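Chemist: Protein sequences appear in the order of chains A and B.
According to our numbering, the first sequence holds residues 1 to 308 in order.
According to our numbering, the second sequence holds residues 1001 to 1108 in order.
In short, the hints are calculated from the structure, not lab data.
This structure is a prediction, so every number in the text was calculated from the model and none was measured.
Wrong hints could be hidden among the right ones.
Said to hold, decoys possible - Pair by pair, the computed Cβ-Cβ distance ranges are: (1) B:A1021 / A:P183: 49 to 59 Å; (2) B:G1033 / A:R126: 29 to 39 Å; (3) B:E1012 / A:P97: 49 to 59 Å; (4) A:T111 / B:R1065: 17 to 27 Å; (5) B:G1033 / A:E298: 13 to 23 Å; (6) B:E1073 / A:D20: 15 to 25 Å; (7) A:E286 / B:E1012: 25 to 35 Å; (8) B:E1012 / A:R126: 51 to 61 Å; (9) B:H1059 / A:D20: 17 to 27 Å.
Said to hold, decoys possible - In silico contact screen, one side only, chain B against chain A (beta carbon under 8 Å); selected entries: (10) L1034; (11) L1036; (12) G1040; (13) R1042; (14) G1043; (15) G1045; (16) C1046; (17) R1052; (18) G1056; (19) Y1058; (20) S1064; (21) R1065; (22) A1066.
No residue lacks a Cβ here, since even glycine has one placed at the ideal position from N, Cα and C.
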Amino acid sequence: MAMTGVLRAGFVQLRVLDMDEAIVHYVDRIGLNMVEKAADGRVYLKCFDEFDRHSVVLREADSPGLDLMAFKVAKDSDLDDFARRIEEAGTAVDQIPAGEQTGVGRRIAFTIPTGHRIDLYAEMERSPDAPQTENPEIWRDEPHGMRARSFDHCLLYGPNTPETVDFFTDVLDFSLTEKVVAPDGGPMIAAWLTCSNKSHEIAFVEHAEPNKFHHASFLLDSWHDVGHAADVIARYDISRDIGPTRHGITMGQTIYFFDPSGNRNEVFSGGHTYYPDHPTRVWSTEQLGRGIFYYEKELNDRFLGVVT
Amino acid sequence: MPAPYHQITLAETGARFSCPADERVLIAMERQGLRLLPVGCRGGGCGICRVRVTHGRYHTRKMSRAHVSEADEAAGIVLACRLIPETDLSLRLESKPENDGRRAELWR
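When you get a sec, could you build the whole thing from the sequences and use the hints?
Modeler: Rendered as C-alpha cells:
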C-alpha cells in the first residue's frame, strides 16, 4: 500500500442554528443520506459513495461554524505515532474515547495554529448502505438533490498560515500542492494541502480572527452536475455565493452557496491529481483573481470575507 | 389588518426601499437590485449585515450569538437578513470591527 498515515478528510462536525432547516438543506438539497438522529441532538449524515458510516455531523447551537474536522488514518497504531509527533512539536493532544460519536473508534484531538480543532481516528463502522462490493451497481439508491458523491475537503480561515503548513507537512506528512504568496518574497497567505491524490484535503486562508469556517465541500460527478446543483439552488431559493465557475487553483469546477445557518458549502467536480513528486504550484496575489475565479478573473468581497 | 409593505429607511443616507410584511429586510433589498447594505450568508451566521434598528417594530429569526449578543438584541441590534418588519423601520449599519477588517487587505 503506497498510502500510509493520514488517508483522507473523514468527517466534519458543523454547528447549525436550526436543525430541521439544516436537515432539509443537507439531505434533500445537497443529497446526503440520513444516518442517525442521536439522543444528544447531533445528526449524522453520509454521501452515497462513502463506505464509512458518516461524513457530516450537525449540532444545533446558538452560533454556526466548525466544531472540528477529522481525518482518517490507516491503522490504530498510527494514532499513537501521530500523538507522539504532535506532542514533540509542542502541541497538546487530547484523547477522545471510542463512541463519543456513534460508530467511531478512539480519536486524538489537537488545536492547530489557526485555532481550529482537528481530530484523527482509525476506525469507523462500515455503513449498511455503503457502495456494493460484489459486481457493484453504480449506486444502491438513485442519488437525489445535488447528487453529492462524498465529503471532500474544508477551507478554514485563521492566523499563522505558514506555521500551520509546517505542522501539516512536518508532523502529519501532508504535501503543499498550491500556495498564494505576497509579492517580493512576502508571506504565504493561503495554502492547499493534501495527504492523498486529491488536489487538497484541507486549505487555509490567512485571517486575523482564529477558528473561522469558510466552507465544506462535496464531490460531484461532472460539470453537468455542477449545473444541476445550480438549478437546485435556484429552484429552492438557496443562498448562492458564486458560480457555476472554475478555480484556477486546483482547477475544480464549482458552485458555492450557504446552508440556512450561514455556513458556506461547495459542490465541485474535476480538479488536478496530485502525486508526491509534483512541485507546489505558486500564485502571486496580483494574479489571484483568476486563481480563485478563473472565468471572472476577479475576486468578490463576499467570497473573501464572509465566514462563520 | 397590517399593511402588506413597510418602508425601510437607512439613517445615514435617507435611502428607502419597501419590504413585504412577511419578508426579511435584506432579501427584499436584494430582490429590488439595491446595494444599500452588505450581503453575506443571508442566514444569520456571518454578521456582515449587522444593523441597529433606530425606529419601528420588528421580529427576527434566530441569529448567531457570535454577532448579536443578548445585550445587543435588547439594544435593537439585529442582522438584516433575519429582520422582518412589523412597521416602517429606520436602520443604521453597525459592523463589528472584525467584519470591517474582512475586506481582506492582504489580497489587494
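Chemist: If a hint holds in the structure, say so; if it doesn't, say that too.
Modeler: Tested hints:
{"no.": "1", "hint": "B:A1021 / A:P183: 49 to 59 Å", "verdict": "holds, 52 Å"}
{"no.": "2", "hint": "B:G1033 / A:R126: 29 to 39 Å", "verdict": "violated, 51 Å"}
{"no.": "3", "hint": "B:E1012 / A:P97: 49 to 59 Å", "verdict": "holds, 54 Å"}
{"no.": "4", "hint": "A:T111 / B:R1065: 17 to 27 Å", "verdict": "holds, 22 Å"}
{"no.": "5", "hint": "B:G1033 / A:E298: 13 to 23 Å", "verdict": "holds, 20 Å"}
{"no.": "6", "hint": "B:E1073 / A:D20: 15 to 25 Å", "verdict": "holds, 22 Å"}
{"no.": "7", "hint": "A:E286 / B:E1012: 25 to 35 Å", "verdict": "holds, 34 Å"}
{"no.": "8", "hint": "B:E1012 / A:R126: 51 to 61 Å", "verdict": "holds, 58 Å"}
{"no.": "9", "hint": "B:H1059 / A:D20: 17 to 27 Å", "verdict": "holds, 19 Å"}
{"no.": "10", "hint": "L1034", "verdict": "violated, 16 Å"}
{"no.": "11", "hint": "L1036", "verdict": "violated, 15 Å"}
{"no.": "12", "hint": "G1040", "verdict": "holds, 4 Å"}
{"no.": "13", "hint": "R1042", "verdict": "holds, 4 Å"}
{"no.": "14", "hint": "G1043", "verdict": "holds, 4 Å"}
{"no.": "15", "hint": "G1045", "verdict": "holds, 2 Å"}
{"no.": "16", "hint": "C1046", "verdict": "holds, 5 Å"}
{"no.": "17", "hint": "R1052", "verdict": "violated, 20 Å"}
{"no.": "18", "hint": "G1056", "verdict": "violated, 24 Å"}
{"no.": "19", "hint": "Y1058", "verdict": "violated, 18 Å"}
{"no.": "20", "hint": "S1064", "verdict": "holds, 4 Å"}
{"no.": "21", "hint": "R1065", "verdict": "holds, 4 Å"}
{"no.": "22", "hint": "A1066", "verdict": "holds, 4 Å"}
Going through the hint list in order, the structure does not satisfy hints 2, 10, 11, 17, 18 and 19.
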